[in-house]
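Asker: Hints are included, so try docking the two chains, each in its own frame, into the full complex.
Listed below, chain by chain, are the residues.
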Amino acid sequence: MKKVSLFGLGAGLLAALTFTSEPAFAQQSTLDIVKSRGQLRCQLGTPAPGWYELSDSGKWSGFDVENCRAVAAAVFGDPDKIEYQSVTSAVRFTAMANGESDMLSRTTTWTLFRDTQLGLDFTTVSFYDGQGFMVKKDMGIKSALELKGATVCVLTGTTTELNLTDYSRTNDLGMNAVVFEDSNVRDNTFFTNGCDAITNDKSSLASTRAKAPDTSIFTILPETISKEPLGPVVRQNDSQWKDIVLWSVFAMVQAEEFGITSANIDKVIAETTNPEIKRMMGVEGDLSKGLGLDPKWAYNIIKTVGNYGENYEEFMGEKTVMNIPRAGSPNALWTNGGMMYSPPFR
Amino acid sequence: MAELMHDDAVFRPKPSLPPPPNTVGVVGWLRKNLFGGPFDTLMTVVGATLIVYFGHKLFMYGVVNAVWEAESYRECLDITGGDGACWAGVDRWMSNYIYGRYSVDERWRVNLGFIVLAVWLAPFWFPRVTQKILVGVSAVLTFPFLAANLFLGGDPGLFLEVMTAIALTCFAAVWLNVAACYAGYKSVGVVIVRVSGFADKDDRMHKWVLLGAFGVGFVLAFLYQSTWDLAEVPTVNWGGLFLTLVISGIGISSALPAGVILALGRRSKMPVIQVFCTAFIELFRSVPLITILFMAVTMMPLFLPVSINPDKLVLVIIAVCIFAAAYMAEIVRGGLQAINKGQYEAAQAMGLNYWKMMTLIIMPQALKLMIPNIVGNFMGLLKDTTLVSIIGLYDILLMTKASGQDPKWLGMHTEPMLFAAAVFFVMCFCMSKYSQHLEKTIGGGYGRR
Chain A
1 MKKVSLFGLG AGLLAALTFT SEPAFAQQST LDIVKSRGQL RCQLGTPAPG
51 WYELSDSGKW SGFDVENCRA VAAAVFGDPD KIEYQSVTSA VRFTAMANGE
101 SDMLSRTTTW TLFRDTQLGL DFTTVSFYDG QGFMVKKDMG IKSALELKGA
151 TVCVLTGTTT ELNLTDYSRT NDLGMNAVVF EDSNVRDNTF FTNGCDAITN
201 DKSSLASTRA KAPDTSIFTI LPETISKEPL GPVVRQNDSQ WKDIVLWSVF
251 AMVQAEEFGI TSANIDKVIA ETTNPEIKRM MGVEGDLSKG LGLDPKWAYN
301 IIKTVGNYGE NYEEFMGEKT VMNIPRAGSP NALWTNGGMM YSPPFR
Chain B
1001 MAELMHDDAV FRPKPSLPPP PNTVGVVGWL RKNLFGGPFD TLMTVVGATL
1051 IVYFGHKLFM YGVVNAVWEA ESYRECLDIT GGDGACWAGV DRWMSNYIYG
1101 RYSVDERWRV NLGFIVLAVW LAPFWFPRVT QKILVGVSAV LTFPFLAANL
1151 FLGGDPGLFL EVMTAIALTC FAAVWLNVAA CYAGYKSVGV VIVRVSGFAD
1201 KDDRMHKWVL LGAFGVGFVL AFLYQSTWDL AEVPTVNWGG LFLTLVISGI
1251 GISSALPAGV ILALGRRSKM PVIQVFCTAF IELFRSVPLI TILFMAVTMM
1301 PLFLPVSINP DKLVLVIIAV CIFAAAYMAE IVRGGLQAIN KGQYEAAQAM
1351 GLNYWKMMTL IIMPQALKLM IPNIVGNFMG LLKDTTLVSI IGLYDILLMT
1401 KASGQDPKWL GMHTEPMLFA AAVFFVMCFC MSKYSQHLEK TIGGGYGRR
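Going down the list, the protein sequences come from chains A and B. Position 253 of the first sequence, counted from 1, bears residue number 253 in our numbering, the numbering being contiguous throughout. Position 422 of the second sequence, counted from 1, bears residue number 1422 in our numbering, the numbering being contiguous throughout.
Isolated chain B, as found in the complex (with noise of 0.2 Å):
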């Protein structure tokens, strides 16, 4: 048919003109976004001078006029008398900074602690593994038991040996658990329940089975700790970034779940708890965390019989943890009422009773929409911690300081702070950027827009 038809008679686009070429390409990006009008001009001109402006200041500052190599403070004013950075201090102190005055021979527990931490926490990541929550629950639970132990050192005493033979048996379950989803089975449960025979008896049977065999773990687990043989290292003597890391990630790690309790306790029909919860969240969201710490470090022990002798870091990271889990409590309450009373009526329509309701409909939707939230509450605990330096604990921050009054350093002032806001950014940034790798993943319609 086509033959039969003219050329001139078919209707044929011509191809389009090209744009003009000032609306294209690089020119046309800066026209747009930079020069659109005057106004706009203006705004640039003086934006782009600025950032010049202080960008070549401190890149004077901070490269090309800066020390890297020298014995004291002294040293770096004689060679730029004053006007570059003297990295030399902060390169000697940098370990000091990191692990605050942790003894020098110890510290590779603190790495290994670390270490074991990320190792733990990387099956999250793993895409074929199950039992997900577990791993986190395990971690959540058990881990700070395992570091508080491998950190202090010395003599533990039996809850914290028992509790870290647990915590090695949870840490053992869950790698042997990615073993088994690698090799083909459902979890590591399902295999222990096939090696030892009885994958043919009924479901409390097997879980008899799994108990046993977390029994033998724990026992094995047990008397290798107890062979561990490791110099005691007191709280007073942790600092730095470590210390920073261990209020904060405590703290961080539990706001979310007590914030979850007590928000559903603010919620709830009954008056003793929700009376309790909301005079909690109320007192401590309306005290400064400031005078939440002096209260805890200096006011708690005179009320306390001296038997007791509650370690001065604990008793920080108790009241980190009660102010975070108030301020949380607000945005995970937030979150639920964002949620729509239709859902609360279908789940209840479905049968589902309270605790199945919130924990398969209501909080999976109000999390995903309180990540913004959570991320930014975590972020703020994170700063916040460098509040301890008040109360004396050796926090990075106060590391800073104390590195510009070591006598060979002397005067060291604006580099270790440019160090410790540099490390912030760099744990603040990877934090809201992980949020947002969250909001896409999980978040679904419901993320950003």
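So that you can see chain A by itself, here it is in the shape it has in the complex (with noise of 0.2 Å):
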């Protein structure tokens, strides 16, 4: 905290001598910010497939772009009113800090620290990643744990590295790591037969798969050395703000889990005759008021977005260059085995 409050008397005299207001965050909630500005502030990584990928016409699309989307849906009732801050990984936790991001959805891992200590709150989990390997078919490795003395290609700087070192110390593996700074080095490294196996999160592996010049020689081993919980975080201390952010991600989950999709929404409010639907899309009740959004907020949400499988099969499914399989995974509706769980809309 010592920097924080170090931070804090520059800016305080820095203030006092130009101007005496306060930043404006502090006072004001972000929810009004937002509404009065008229666009969501959200910010992505740099360009990652299934994540925020940026088309050759400029839009951005994306399973954590979805989220972003959900929020301004609720909040406005449309989804495109959102200015996107893509920025590099070094600065994306100032970003936030200094009130230049609404919210932050970016393949961000919940941890302990960055939870208490960087000023910032984790929403939920949109997606439940893990550390893993990739390896060539032909070596005939069928678990992590064969990777005895192997060298293993790694990007320096993240926890990934970390990870690594735990996991060889852990297991007595001995495997040397071979670092990298850029990924598409270390890509074409594991691709020239460089090293033996590549570790990452899963779902990079997946997407580092699918730029190699033959896919179907790799296989993702099957253990997972580390969680890792991805969501949207927002600012902290502001309560509101952070229920709609949740929120907005519980309204996919859970439409998914009551079959509802952007296609047949209208069809489905219309015939049903169950309560919670009605509350949740704002035909009863007055759900919507503690959010301070309008009633139709996950109606716009659905019909915008649509549900959370239909992003998951958009974006990381089978048919796309991830092909991330959602069976038997964490990010399957806790209906059929997996963890994607949403509280009740009472």
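If you're looking for bench data, these hints aren't it; they were derived computationally from the structure. Fair warning: there could be bad hints in the mix.
To be verified - Derived pair list, reagent style BS3-like, types lysine-lysine, alpha-carbon separation capped at 27 Å:
{"id": "1", "chain 1": "B", "residue 1": "Lys1408", "chain 2": "A", "residue 2": "Lys136"}
{"id": "2", "chain 1": "A", "residue 1": "Lys59", "chain 2": "B", "residue 2": "Lys1408"}
{"id": "3", "chain 1": "B", "residue 1": "Lys1408", "chain 2": "A", "residue 2": "Lys319"}
Said to hold, decoys possible - So the derived label-pair ranges between C-beta atoms look like this:
{"id": "4", "chain 1": "B", "residue 1": "Phe1429", "chain 2": "A", "residue 2": "Thr156", "range": "33 to 41 Å"}
{"id": "5", "chain 1": "A", "residue 1": "Thr219", "chain 2": "B", "residue 2": "Ala1422", "range": "52 to 60 Å"}
{"id": "6", "chain 1": "A", "residue 1": "Ser262", "chain 2": "B", "residue 2": "Lys1057", "range": "49 to 57 Å"}
{"id": "7", "chain 1": "A", "residue 1": "Asp214", "chain 2": "B", "residue 2": "Met1043", "range": "35 to 43 Å"}
{"id": "8", "chain 1": "A", "residue 1": "Asp214", "chain 2": "B", "residue 2": "Phe1059", "range": "48 to 56 Å"}
Fair warning: this is a prediction, and the values are worked out from it, not measured in the lab. Each residue gets a CB set at the ideal place from its N, CA and C atoms; glycine is no exception.
Answerer: Structural data, given as structure tokens:
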């Protein structure tokens, strides 16, 4: 906290010298700021397939982008009222702290340190990821525990490197890490047999595999050596805004559980007798009051953005370059044995 | 008299023998330059082997095995198996490498802006045009505002509107001046004064007339630009080569004047100015550019109240300008120190004051000496601007990286980098060639020897 107070002192001094107003995000609620601006400022990373893709026509799309679009749909009824801020991971948290971004949705792992020491609040988990290994099939390896003495390509400066060393030491595997700064160089080294295995979050391994000249010769090993729960992040001390982001994600999960999609939503609402659906979609009751949103907020999300399963299929599913199977993974609905679970809408 | 002499009494030089055949022509050149001795021969063979080997590889990769038409990188890979370049993807992303995420329908504004700049600066190279300094100064001081208004669109605010009008007036004045010069007058000012009928009045009156003419032009330009109705393109969407040129262009054009001022300040005898300039130069020269960029983009907003919401791009440009000025200051100081003390003393003996001495005697000589260093610094700055990709501005480098993350072109990595390298090579090579040309034309006897 020492650093923060030092910056605070500097900020105070400068503010006193020039203007006598405090940072507005400290007083005004984020919802008010977003509404008066007319746009949600949502922070993404630099383009990554599946998560946040930048097309050659300059449009953003992706699994994490859908979280932003859901929040914009909830607040404005229009998922396109967003200013996307694509920043490198080095400055992601400062861009939140200085009020530049309203929310962050960019494969950021929820850890205790980040949740408590950076002035941030993690909302919920929208994707359960975990670190794994990928090898060539012809090595005949079935388990990561067989990688004794193997050279492993890994990116530097991330927890990935730390996890690898920990795993190697715990299981006495004596792995040699080959460290890279750039993921393209790492991938090319792996493809040209520069290392026996490559390690990263499993979703990233999927996109690495998709880059290879021949994708069929690689296999991702079953072991998951770390927990990487990913989800949207907001600034600390604004519980209303946190609730909005949190429940926007829940709405997509709950809609999938109800079997509501962007295509059938109007039909379902017209025909349903389920009071929970009616409450959720703003037909009955005043559930939206606490959020400070339009009663139709959840309807707008599902209608314009879609439910969780639709988004998964579109960006992570088997028809995409990512091709991460959902069945049997923690990202399946709890009713299918996964961990995607929304608290009730009542 | 000639007929009296015998032919054989006159010394007639025989025509000299031709040089040995192995020292002339192609063979001679080869012997002299490539195969002068065993060591030379060895070096030639090794060098030629390397050139042929890598040249062949590059040619096979970039031309023979390359794919020019494809819908995705996967398709390219299926055709080449990774042995050839996939230029189809570069082609598909080309307009993004140049304009970034600038709205497609609005890209004509970027083109227009750069055309205006080129037309504005063109009179520099017209031999009969006078007042060339004013052409440069007006472009450097006012064009950035015109460009900002044009590129940004939306509601520019009064300040930008006024500056735009001034810029338009200056632009018109520059070209009226060209017309006047080619019509045989000394400058457009002379024409205006003559037309106004105050030609027989004194100089002060002339100044007022010119100011009045500028005012009329300004009002017309202001009315004209207020009819503009441009869609807003926020700076987050600026990118590609366009953004690189915006940042480095402003950095380069502000570096020299700021550097000159800082260098003079550092050599000044006034302690406050001297200490300030020295501290400024030493501080920003000792810190890496990336640190300054981080400070500007992430720390500055923490220190400012939110009511002032500085644009990220503006902060970056300021940071680049500061950095470039600090480096330039030391180059200029080096140039100043190369000027003989006698020049200063001679100027003072002629009764010139400090500013006249500097602008008329010292600086022209010093700047000539500094051309190679200055251009080298500009080239460095142009390349350094790629660092802004680290803080998330989509310059050409980050755009090329982004294209390889597009699911359709996933894995396209080498090709965009080669393209970016080619772009930077062309730009820097042009700058280098132009600087050599400048040295020859204005460097006089002090140029390259």
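Asker: Tell me the hint numbers this structure goes against, listed in increasing order.
Answerer: 5, 8
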